[in-house]
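**Q** In case it helps, our numbering puts the sequence shown at residues 2 to 278.
The hints are simulated quantities; they were obtained by calculation from the structure and are not laboratory data.
Every value quoted in this text rests on a predicted model; they were computed, and no experiment measured them.
Below 20 Å or equal to it, Euclidean Cα-Cα: the simulated EDC-like pairs (lysine to aspartate or glutamate) are:
| hint | residue 1 | residue 2 |
| --- | --- | --- |
| 1 | Lys207 | Glu133 |
| 2 | Lys162 | Asp123 |
| 3 | Lys208 | Asp123 |
| 4 | Lys69 | Asp123 |
| 5 | Lys180 | Glu49 |
| 6 | Lys207 | Glu49 |
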Amino acid sequence: MRFLRLFFILMMLVPVSGIADESVTDSAAENQQRVRPDLFEGNLFGNEPVYFLFGSDPIHSKFQLSFKYRFLNIGESSVNRWDKLENLYFGYTQTSYWDLESSSAPFVDSSYKPEIFFYCSDIPQHWIPAIERLGLQAGFHHESNGRDGDASREVNIFYIKPMFTFGDLNEYHFILSPKVWVHLGSPSENIEDYRGFFDLGLAYGKKDGFFGTANLRKGVSSGRGSIQMDFTYPMNKMFTGILNFYLQAQIYSGYGETLLYYDQRYTFYRIGFAVYR
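Produce the entire structure from the sequences given, and follow the hints as far as they go.
**A** In structure tokens form, the structure reads like this:
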């Protein structure tokens with residue numbers, strides 16, 4: 002049974018575009034010729050990290066899927082009139098907490114997070130020479146756990162997140178990314194007491210090597226908040242290009258990791274693999 006669960010996990014993270022191509026019928030292929038095959042693929046990107054992690058206690062295993070999609074096709078002549086919107090994206094992230102120890106392997110909780118946002122990875126700036134790159138992300142973010150009744154949780158925010166990169170992007174570099182937000186409407190329960198209105202992202206590493214990140218969050222109430230640390234390393238560095246994923250370790254300590262149990266304090270240790278970081 003556990004082998005089947007692991008097989009299912011691996012299949013979720015394997016690209017399926019090649020499989021889909023083989024099943025195209027002649028009539029479908031004819032229809033595809035009317036639309037450029039790369040029309041949509043060229044606008045689909047990674048967003049938040051994509052990983053599967055086993056908990057030190059299997060009850061607390063976790064996986065995350067995420068992507069973002071750019072609405073406008075850059076390079077099309079008709080897009081020029083809308084060039085101000087070329088950095089507008091739709092994003093979706095799902096984070097699920099999976100009890101792999103129980104016989105039925107139930108999901109403890111899941112967060113579904115669609116968003117619409119503006120994202121620019123490199124804004125020209127010359128007033129701070131030490132900054133190699135300045136990025137900005139801002140948008141509307143919804144998060145809910147898809148439940149009803151007393152277990153239902155929902156948060157809607159507008160956020161702004163600048164990203165400051167120090168150092169050569171091809172070597173070891175440091176990224177500072179503070180994020181502030183305001184709630185739109187009243188969040189379920191008193192979640193802001195534990196999640197607050199601000200977090201600080203820190204990252205250090207190399208594009209093709211080790212990378213470590215930390216996310217620190219302070220709740221409104223005294224003594225509330227959390228820290229999450231992630232460490233990744235490309236496995237193709239260890240196995241000469243054979244394995245195309247990252248080894249990942251994660252530590253989470255504090256409140257608010259799940260929406261369902263946002264007011265309970267936990268410390269989790271997890272290890273597994275990532276395909277996007």
